[in-house]
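Asks: Letter by letter, the chains look like this.
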Amino acid sequence: MVDALFNFINSMGVYHLTVGNLIMWAISFGLMFLAIRKGYEPLLLIPIGFGVFIVNLPLTNLMENHQILHIFYHYGLEWELIPPIIFLGLGAMTDFGPVIANPKTLLLGAAAQFGVYIAFFFALGLGFTIPEACSIGIIGGADGPTTIFTTVALAPHLLGATAVAAYSYMALVPVIQPPLIKMMTTKKERLIRMKQLRPVSKRQKIIFPLVTCGLVCLFVPASAALMAMFMLGNFFRESGVVERLSGTAQNELMNIVTIFLGIAVGGTMSAEAFLNPKALMVFAMGLVAFSFSTIGGLLLAKLMNVFSKEKINPMIGAAGVSAVPMAARVVQKMGAAEDPRNFLLMHAMGPNVAGVIGTVVAAGIFLTMAQ
Amino acid sequence: MSVWAKAMEIFTFGFSSVFFVLGALSLSVIITRVLINKFGGNPKKG
Chain H
47 MVDALFNFIN SMGVYHLTVG NLIMWAISFG LMFLAIRKGY EPLLLIPIGF GVFIVNLPLT
107 NLMENHQILH IFYHYGLEWE LIPPIIFLGL GAMTDFGPVI ANPKTLLLGA AAQFGVYIAF
167 FFALGLGFTI PEACSIGIIG GADGPTTIFT TVALAPHLLG ATAVAAYSYM ALVPVIQPPL
227 IKMMTTKKER LIRMKQLRPV SKRQKIIFPL VTCGLVCLFV PASAALMAMF MLGNFFRESG
287 VVERLSGTAQ NELMNIVTIF LGIAVGGTMS AEAFLNPKAL MVFAMGLVAF SFSTIGGLLL
347 AKLMNVFSKE KINPMIGAAG VSAVPMAARV VQKMGAAEDP RNFLLMHAMG PNVAGVIGTV
407 VAAGIFLTMA Q
Chain V
13 MSVWAKAMEI FTFGFSSVFF VLGALSLSVI ITRVLINKFG GNPKKG
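Sequences listed follow chains H and V, in order. Residue numbers for the first sequence follow our numbering, beginning at 47 and rising by one. Residue numbers for the second sequence follow our numbering, beginning at 13 and rising by one.
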């Protein structure tokens with residue numbers, strides 16, 4: 047009878063609860079709190095937070111083979127299915143008009159990958175391997191799906207930490223970027239007004255995804271899965287004849303895979319996998335990456351002003367860290383704070399979407415050279 | 013090859029490739045615009 051009672055108690059999760067589980071619950075509640083109370087990336091942080099909570103319920107074994115979270119993780123992330131589908135939806139949502147109107151903003155998107163490489167070197171200095179350092183560095187691209195895509199291929203054991211760091215810092219763009227922008231620019235620079243963007247024809251918008259897809263995939267084939275889907279989504283949008291497909295890609299399909307993505311990422315964050323010094327270092331490196339990416343974009347914008355007759359407001363360089371459209375909104379808000387009649391949003395959207403392409407290219411090079 | 017040598021290689025090829033690809037894309041956008049303006053009629057009408 048005593049044995050039976052002991053076995054019964056032993057079969058309960060509560061008997062196997064560890065301090066690590068409780069810490070992870072606290073982290074999961076923290077993520078859900080940020081999402082609900084502060085509105086930080088709720089579409090991702092709610093499923094990730096809940097995934098963290100349930101994977102840390104002892105004996106549920108949800109990440110064991112053939113269990114629900116493992117199925118999402120295996121088929122969605124290990125098979126590299128979900129990030130490209132998210133990119134399909136993002137492409138359908140993205141208007142490349144500002145980039146086409148002012149193509150030099152593409153270079154600002156490239157400069158804003160600076161932090162990716164700074165964090166890469168910092169991570170190596172802290173003892174991470176090259177594939178791990180690549181996965182950490184790519185956080186600086188401020189692009190969740192690309193971070194996940196790269197990490198799954200190069201350092202899957204860091205997936206939880208890199209994904210949560212990427213999405214957390216993306217949500218914290220309005221907190222992280224303004225002090226850096228103020229530090230790197232003068233008031234006079236922040237007051238620069240930019241000429242209204244020229245109109246872009248429908249024909250150019252239709253050709254852009256085809257040219258971009260061809261060009262990027264020819265030079266960096268490893269980025270093809272993300273880039274091709276991104277541009278396919280945009281082609282749906284701009285062709286104007288498949289509104290149903292475009293609508294599905296940016297709404298229903300995107301929402302479905304976002305649920306699977308969030309819960310699969312949360313599922314990787316068990317106490318055993320997440321509570322170690324490496325995860326904390328990943329978070330610190332993520333901040334380094336983000337900060338230096340912002341600085342990289344700002345510096346190139348300032349440099350362009352040295353050589354260009356038509357001045358650009360250097361703040362738009364900071365929007366080169368993807369985080370679409372949050373980073374562009376930060377620039378607009380800061381510009382309006384200095385001069386309420388200065389409208390920078392559309393100008394900042396150029397480097398903002400260029401940053402997404404830049405991050406995918408950087409990820410493709412990492413995948414080619416570090417694997 | 014040491015870790016740092018490999019890292020320098022990744023940085024050099026990586027960062028320059030990002031600039032190269034986005035620079036090439038930037039040029040392509042300009043070339044496309046010129047071609048459309050030359051052969052495609054009024055761009056505003058698309």
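Do not rely on the hints blindly, as some may be mistaken.
Here are the in silico distance ranges between beta carbons for each label pair [as the list claims (entries may be wrong)]: (1) I43(V) x V287(H): 44 to 50 Å; (2) A17(V) x R244(H): 42 to 48 Å; (3) L47(V) x K233(H): 37 to 43 Å.
Since the hints were derived computationally from the structure, they do not count as laboratory data. Each residue gets a CB set at the ideal place from its N, CA and C atoms; glycine is no exception.
Asks: For every hint, state whether the structure bears it out.
Replies: Structure-based check of each hint:
1. The hinted window of 44 to 50 Å between I43(V) and V287(H) is violated, with their beta carbons roughly 26 Å apart.
2. For A17(V) and R244(H), the hinted distance range of 42 to 48 Å is satisfied, since their beta carbons lie about 46 Å from each other.
3. Between L47(V) and K233(H) the CB atoms are about 42 Å apart, so this pair conforms to the stated range of 37 to 43 Å.
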